[in-house]
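Chain by chain, the residues run as shown.
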Amino acid sequence: MVVRAMFRDLFSSLDLAKRLFIRDIKAEYRQSLLGILWAFLTPLATAFTWIFLSASGAVNIAGTDIPYPLFVFIGTLVWSIFADSVNTPLQQTTSAKALISKINFPKEAILMASCYKLLFNSGIKIAIIAVVSIGFGYYSILGLCGFLLTLVLIMAFGYSLGLLLTPMGMLYKDIGRMIPVALPFLMFLAPVVYPGARIAALQNFIELNPMTPLINSSRDLLTGGSFYNPTYMWIIVGVTLLIGFVGWLIYRVSIPIVVERM
Amino acid sequence: MTEETLIKVEHVSKKFCKDLKKGLLYGFQDLGKTVFGLSSNSGLREKEFWAVDDISFEVKRGECLGLLGHNGAGKSTLLKVLTGLISPDKGRIEMRGRVNALIELTAGFNPILTGRENIYNNGAVLGLSDKEIKAKFDEIVAFSELEEFIDTPVQYYSSGMKVRLGFSVAVHTDPDVLILDEVLAVGDAGFRAKSFNKMKEIMKSAAVIFVSHAMPQVARTCDQVLFMRHGKSYYQGDNVNEGISLYFDEFKNEEGTIELDTGANINNVKINDQEVANKSDFVTVSYGGDLSIDLDIHIKDNSVKDYYMQIQIIDKDLKIVAVYFSNLENPSFQGIERSKLRFLFSNIQLVDGEYGVSFLVFKGDGGNSSTKNGTLCIYRNYCKFKVKGLNTSLYAPIHLRGAIFQNDSQL
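Protein chains in written order, with the working numbering: chain A, 1 to 262; chain Z, 1001 to 1411.
A portion of the hints provided could be inaccurate.
List of simulated lysine-lysine pairs, DSSO-like, C-alpha gap at most 27 Å [to be verified]:
1. Z/K1022 / A/K97
2. Z/K1090 / A/K97
3. Z/K1319 / Z/K1388
For the record, the hints were derived by calculation from the structure and aren't laboratory data.
Make a model of the complete structure from these sequences and hints.
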């Protein structure tokens, strides 16, 4: 019953979601000279920071199978896709506050529009990653497919986490503040800018971090390797489906309660 | 017109929390309870109150319900419950067909995008498909009269223009149920009249709930009124005039003020020979009867050779419903220091209600000047009287009396 209503609303909201997405993208880039270039500039800047730190010798990271600039480049970009995925649901729901408190429409439209936006932004980053790694001489269709598959999982995992936090985040601003604090911290507990820790205890911790297999798989697949810790990956798939669905369910029932308090 | 009931509201209640922190906490608790399918307790928690308390009504197609009440009476909360934005704590709501609420017209607008783009966006949010919007686009633009600026970003629009655009989109959605929250109070006079007519047109085929503080509009549109007080239904019925006068009774009477008394003083005002010194006690005048006003006037300025008076009759909305110039058909009063004045008006055609009277005294100056420096005194809304005897369900301040003829013979 409830599930049927959820999917009915989801499909009926596709038109509106498309509109909202186009509206946001147009509005975002219209008042800017560089326009869509910003979507490329931001992730490139992060990656170059790390390449510079490494080249200058300020941080000395060894033991990567692939050239370090490529390693850190893929790592940071994939991480930023994940961070985006976590942020998106809360961000987009918050910016639609005026709309959801005044007009009744299927709230799935906001979720779908935010998914489109996430895919759009991630798509640009993925294209950059692909181009750069081909430039470094790594190219395999199969690897690229595996890489894309992993990224879909990363986005879905991040989005589901974000979705689960959204109702709380709409009530209390703390959640919105916590995410940007927690994410960079978590980044250093995953092999984003370094391949592994020398201290065994820390390394164990890194192995437990769900982002470790995700980041490593995406990078390895693109550069000729294979899936990293497939068992853990399957667990993440299951967890993603579960929290994604639960998050969606909670989101639906929470909106009226949130609207009351806006 | 079909007698189809489109809106059915049964014993709807909604509680609200006055305290922000507590409210958020309750929200969190409610969230948990809803997720786990537990019924939330129906009683009030600390700092909560019933914003909407046991409201029931029905609206059929072609009917219009006017929702009255002072600010904070729970009207907007009720509307939010009706539109499904928030869910009621008690009771149930049944709506049929396309529901469209004009609560905030410009909610879906993005300021950077052009009027054209915003029409598409707003239409989509209100539930129109791209095809429907395309088909109606020209009509929408024509109604808004914004052809010239349709490709201009909405942020360059004036607030009136934005509302025009929002209203134009909203009224072209062909709703079955239309909910209007004070949206007609916007725009210039021309657009107001136009949107009012458009609404009347929609009302023919829709069930409408109309919230407004503009009583003439309520009087013209509504078939029934629901007057809310502290969340409860205080008056409900199809005597619109009764509802409107109750609404006005709600407000504390604007105390009479003496704006100016440098040139003259007025004392001992009597209406129909009764003292009106006691402001809580009203002199009752009957519809069709006489109204006499007696007063003592003291002209302080002895250079005044002659003077005249203006008497204004003000309704509860502080609108001047009638005015009398003593010098229009009569000679001026002579500039004697102290006089007793008497005014006699016969055949009062004011409808039942409370009225205030303002007295203004002007220097004669040949009898036709009303310049500011000729003003001797202004006693604004100084005394009040009540009219009784004509009870109609139509709200209009003046009900004319007249003779009628059929085939040249008077009836």
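Structure-based check of each hint:
Note on Z/K1022 and A/K97: the hinted pairing holds, with a Cα-Cα distance of about 21 Å set against a maximum of 27 Å. For the suggested pair Z/K1090 and A/K97, the alpha carbons sit about 26 Å apart, so the restraint of at most 27 Å is met. With a CA separation close to 19 Å, the supplied pair Z/K1319 and Z/K1388 stays within the 27 Å bound.
Checked against the numbered hints given earlier, the structure satisfies every one of them.
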